[in-house]
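Visitor: Going down the list, the protein sequences come from chains A and B.
Under our numbering, read the first sequence as residues 403 to 474, first letter to last.
Under our numbering, read the second sequence as residues 9 to 304, first letter to last.
Heads up, none of these hints are tricks.
Computed list of lysine to any residue pairs in SDA-like fashion (alpha-carbon distance at most 20 Å, straight line):
1. B:K193 x B:F271
2. A:K441 x B:W189
3. A:K441 x B:H275
Bear in mind the hints are in silico, worked out from the structure with no lab data behind them.
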Amino acid sequence: MPFEFKVLVILVLLAIVASLGSGLFYLIRDGGQSERAVKALTIRISLSVILFALVLVGYATGYFSYPVAPGN
Amino acid sequence: MSSSHAGYYVPHGTKWPILGSIALTLITAGFANSLPTHNASHTFGGPGVYAMYAGAAILLVMLVGWFSTVIKESQAGMFNEQVDRSFRWGMAWFIFSEVMFFAAFFGTLFYARHMSVPWLAGEGSSADMNALLWPGFQNTWPSNGPGAVGGKFEIIPAWGVPALNTLILLTSGVTVTFAHWGLKKGNRGQLILGLAATVMLGFSFVYFQAHEYAEAYSHLNLTLGSGIYGTTFFMLTGFHGMHVTLGAIILSVILFRSIRGHFTAEHHFAFEAAAWYWHFVDVVWLGLFVFVYWLV
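Model the full structure from these sequences, guided by the hints.
Guide: Spelled out as structure tokens, the structure:
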């Protein structure tokens, strides 16, 4: 798998974890009184859909493939 | 009324905690006594299994009973701001323990793939170790390790049910966010529709994953005993599947509570906690999809 693609995937994953974390932070701090938690989680799911699209595009363009044979 | 009191809500006497302790003791003691080394037949089993199941049944009773009590108390207006904060912090610490739990298993995966297997194959300064211990062992992944523990196996292709399951969980993330916005905007129909869709998608995921497990065991010879690949695969996906099941059950309870009108646009911590948990489960799956199935 191309290194640049790996880096991109990992960066998006980190952004997803960050948005999830911020969602938790607002959940604890805001006590349901603001929209910050639901907005953070909306960002989270949007980034996740982007990640899946990235993986699809990578696979469809033959940029990378999953292993089909075991190494043993 | 306690809701006007600024201090802690001091609960009445209750039997749930001791019941929980008894349940957990039975589960762990039963499990420990069922392990092969403690068992005359040297397989997993024996009378300890009954203790384990009895403990699980008691735990189920305790969970249903305790949560019912808390929900009733909440609906009766017995909780003040201090209690609300306690619940939020309790949730936060539980989440932290869950994050650490999965971090340990992902850590194991990375350690095995990037350190143990290469070292056993003689990478780095371990050439002697390979020559003395496992000559001929190659640094490849997937691998059932030196000695080919468990025999030849095939892996589950990422572009198949795993990709379908990713689509299912992502869609469920969209539907739970749709429900969340419905709750915030006071749109009850949107809340209930979104939650119902999320629950159905969640249980669909579990169904497909169980189907894949059956396929792995019966046709691929991919089992918990398939060396380091098999163990990391099933520990990671297995505990994840368990969390999806629990999350779907939690969301079902929230769905029933929503139908009964328990939540308002201002007070809905249980919903937010359940929704966040569901997002967490989805993120863990994305990690699995990328690092276990695609092997990034």
